[in-house]
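Start from the sequences and build out the full structure, keeping to the hints where you can.
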Amino acid sequence: MLARVTDNTSMRNLDKGDLLRKVMVKISLERIDTQEGITVEALLDSGATGLVMSSEFARKQGFKLKKLDRPMYVRNVDGSLNKEGPIEHTVEVNIYYQGHRKRTKIDVIGGQK
1 MLARVTDNTS MRNLDKGDLL RKVMVKISLE RIDTQEGITV EALLDSGATG
51 LVMSSEFARK QGFKLKKLDR PMYVRNVDGS LNKEGPIEHT VEVNIYYQGH
101 RKRTKIDVIG GQK
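Residues in the sequence shown are numbered consecutively from 1, following my numbering.
Derived from the structure by calculation, the hints contain no laboratory data. All residues carry an ideal CB built from backbone N, CA and C; glycine is no exception. One thing to keep in mind: the hints can contain errors.
DEER-style ranges, computed between Cβ atoms [as the list claims (entries may be wrong)]: (1) LEU81 with THR34: 15 to 25 Å; (2) THR49 with LYS83: 12 to 22 Å; (3) ARG75 with ALA42: 15 to 25 Å; (4) GLY85 with LYS60: 29 to 39 Å; (5) ARG75 with GLY99: 30 to 40 Å.
Pairs of lysine-lysine residues, derived as BS3-like cross-links and limited to a Cα-Cα distance of at most 27 Å, are as follows [stated by the list, open to error]: (6) LYS26 with LYS66; (7) LYS102 with LYS67; (8) LYS60 with LYS83; (9) LYS66 with LYS105; (10) LYS67 with LYS105; (11) LYS102 with LYS60; (12) LYS26 with LYS64; (13) LYS83 with LYS105; (14) LYS83 with LYS102; (15) LYS105 with LYS26; (16) LYS60 with LYS105; (17) LYS102 with LYS26; (18) LYS64 with LYS83; (19) LYS102 with LYS66; (20) LYS105 with LYS64; (21) LYS64 with LYS102; (22) LYS83 with LYS67; (23) LYS60 with LYS26.
The structure is reproduced here in structure tokens:
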């Protein structure tokens, strides 16, 4: 649903603020249990291999956390283990973007915004 940025020829001349503005998109997230939704800005392509949200955000927005059977350990691009610890929960949501809807699970990672 959300495509990767494939044309990065002009990104060499962007500062960090410009780059973040270029890859942020507005999406809506709907809680499965209550059908209540929120609109947020999401990073389109962070380089992560999946969808993630911070545990702080998930709890603040009232998402129902589902405990994983086994924790998933997260590695940074340099190969080191992520200091926030393993992913231990997931949330199931409907994501809405430009008239499209996708039901998916998002991994919840500790503390990061």
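We went through each hint and held it up to the structure:
1. LEU81 with THR34: 15 to 25 Å: 35 Å, violated
2. THR49 with LYS83: 12 to 22 Å: Holds: the Cβ-Cβ distance is about 18 Å, inside 12 to 22 Å.
3. ARG75 with ALA42: 15 to 25 Å: 22 Å, holds
4. GLY85 with LYS60: 29 to 39 Å: Hint violated: Cβ distance 19 Å, outside 29 to 39 Å.
5. ARG75 with GLY99: 30 to 40 Å: At roughly 35 Å between Cβ atoms, GLY99 and ARG75 fall inside 30 to 40 Å, so the hint holds.
6. LYS26 with LYS66: 25 Å, holds
7. LYS102 with LYS67: Distance of about 22 Å is within 27 Å: holds.
8. LYS60 with LYS83: Given pair LYS60, LYS83 holds - Cα atoms ~22 Å apart, limit 27 Å.
9. LYS66 with LYS105: Distance of about 10 Å is within 27 Å: holds.
10. LYS67 with LYS105: Since the Cα atoms of LYS67 and LYS105 sit roughly 12 Å apart, the hinted pair holds (cutoff 27 Å).
11. LYS102 with LYS60: 22 Å, holds
12. LYS26 with LYS64: At roughly 22 Å apart (the allowed maximum being 27 Å), LYS64 and LYS26 satisfy the hint.
13. LYS83 with LYS105: Distance of about 23 Å is within 27 Å: holds.
14. LYS83 with LYS102: This hinted pair is violated, its Cα atoms lying about 30 Å apart.
15. LYS105 with LYS26: 18 Å, holds
16. LYS60 with LYS105: With a Cα-Cα distance of about 18 Å, the restraint between LYS60 and LYS105 holds, given a limit of 27 Å.
17. LYS102 with LYS26: 15 Å, holds
18. LYS64 with LYS83: Distance of about 24 Å is within 27 Å: holds.
19. LYS102 with LYS66: OK: LYS102 and LYS66 at ~19 Å, within 27 Å.
20. LYS105 with LYS64: With a Cα-Cα distance of about 11 Å, the restraint between LYS105 and LYS64 holds, given a limit of 27 Å.
21. LYS64 with LYS102: 18 Å, holds
22. LYS83 with LYS67: 20 Å, holds
23. LYS60 with LYS26: Judged against 27 Å, a Cα distance of about 19 Å means the pair holds.
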